[in-house]
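S.K.: One-letter residues, chain by chain:
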Amino acid sequence: MNTEKATCKEVMNHICDNLGEELDSPRCVAIKTHLDSCDSCKKYFTSVETTIQFYKKYNVEVDDNTHKRLLDFLGLED
Amino acid sequence: MSEELLIQKAQNGDRAALAQLVKNYEQTVYNFSFKICRNKERAEHTMQETFLSMVKNIGQFSGKSKLSTWLYTVVSNNCLMLARSQKKHDYSSIDDEDNLISEENIADWKITPDQISENNELKVILDDAIQNLPAEYRVVFLLRDVEGLSTEETGKITELSIPAVKSRLHRARAFLRNELNKKLSYEH
Ligand SMILES: [Zn+2]
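Residue numbers (my numbering), protein chains in the order written: chain D, 60 to 137; chain P, 299 to 486.
The set of hints was computed from the structure by calculation and includes no laboratory data. Misleading hints may appear alongside valid ones.
As the list claims (entries may be wrong) - Using 20 Å as the maximum straight-line C-alpha spacing, the simulated SDA-like pairs for lysine to any residue come out as follows:
1) P/K421 <-> D/K101
2) P/K338 <-> D/T66
3) D/K102 <-> P/D412
4) D/K101 <-> P/W407
5) D/K127 <-> P/N430
6) D/K115 <-> P/N430
7) P/K321 <-> D/L133
8) D/K102 <-> P/A405
9) P/K481 <-> P/D425
10) D/K115 <-> P/K408
11) D/K102 <-> P/N476
12) P/K354 <-> D/L135
13) D/K116 <-> P/V353
14) D/K115 <-> P/N329
15) P/K480 <-> D/E120
16) D/K116 <-> P/K421
17) D/K116 <-> P/N418
18) P/K321 <-> P/K338
19) P/K307 <-> D/E120
One chain only, chain D, in its complex shape (with noise of 0.2 Å):
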């Protein structure tokens, strides 16, 4: 593979594994190079980020009767 340019399509294909993986080959470096100066791959890479961020701050909590409701199905009352 040309390791020199990299086209929108291949830096979209290859920036999930940009979030949270390790990446210092050369096709990394090229597309790292590409996204510096790509707009559209800039919005991708951001959209994706978001969309992870969404699903990691969108939570839920156990209320206190939900905890009595498990402690007691498990016959573990305090």
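Since the structure of chain D is already known, use the hints to place chain P with the ligand on it.
M.R.: Relative to the frame of chain D, chain P with the ligand by itself:
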């Protein structure tokens, strides 16, 4: 008290230690169950069954793997079993990489993650999008990206190879991103 000691005590029949283990993990298990089911009742049911399994099997727990890994495995299996018993997903959209990642649908989004807690409309959009994602992909995305587990740990829990985890993660991200893009981009 260390988790190792708590587990030892629980294995010797100490119910307070068992209750403490439940307390330490109920938030994680409930939240993860919810993220898979997108339904609070089902999440509670899954949490109860998961801890029941822990209480019953704590004696066999070797301590070689982390208790959290073990709990994630029980919840994941529960979800995958349920998914298999339900309607089959249409895999064509997620298997078609050319359509999955397209240079055409790039747009800015009109909302940021910080707005999630007070935005019920966004919650519905997020619930709907992830429910369209086949369970086998959903579990990988949630374990790796949302819970922050390593690729190796995710592979162990889902019984997938490292390349299979990466490939599913890649497709899951692109799929969810496309689903959200339909609803959140400025152009619509
Ligand atoms: Zn580009």
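S.K.: Run the distance test for P/K307 versus D/E120: straight-line Cα separation, threshold 20 Å.
M.R.: Violated: P/K307 and D/E120 sit about 28 Å apart, past 20 Å.
S.K.: Hint check: P/K321 vs P/K338, CA-CA at most 20 Å. Holds or violated?
M.R.: Since the Cα atoms of P/K321 and P/K338 sit roughly 18 Å apart, the hinted pair holds (cutoff 20 Å).
S.K.: Would you check the hint for P/K421 and D/K101, treating anything up to 20 Å between C-alpha atoms as holding?
M.R.: Distance of about 25 Å is beyond 20 Å: violated.
S.K.: Starting from D/K116, check that the Cα of P/V353 is at most 20 Å away, please.
M.R.: Roughly 30 Å separates the two Cα atoms, so the pair is violated.
S.K.: Is the straight-line distance between the alpha-carbon of P/K338 and that of D/T66 20 Å or less?
M.R.: 43 Å, violated
S.K.: Given the hint that D/K115 pairs with P/N430, does the C-alpha gap stay at or below 20 Å?
M.R.: 18 Å, holds
S.K.: Against the 20 Å threshold, does the CA-CA distance of D/K115 and P/K408 hold or violate the hint?
M.R.: Holds, because 18 Å separates the two Cα atoms, which is no more than 20 Å.
S.K.: Could you grab the alpha-carbon distance between D/K127 and P/N430 and see if it respects the 20 Å cut-off?
M.R.: Violated - the C-alpha atoms of P/N430 and D/K127 are around 33 Å apart, more than 20 Å.
S.K.: Please verify whether D/K116 and P/N418 have alpha carbons no more than 20 Å apart.
M.R.: Roughly 13 Å between the alpha carbons, so the hint for D/K116 and P/N418 holds.
S.K.: Take a quick look at whether D/K102 and P/N476 sit within 20 Å of each other, Cα to Cα.
M.R.: 13 Å, holds
S.K.: Against the 20 Å threshold, does the CA-CA distance of P/K480 and D/E120 hold or violate the hint?
M.R.: This hinted pair is violated, its Cα atoms lying about 29 Å apart.
S.K.: D/K116 and P/K421: Cα distance at most 20 Å?
M.R.: 10 Å, holds
Going down the numbered hints, you'll see the structure goes against 1, 2, 5, 13, 15, 19, while the others check out.
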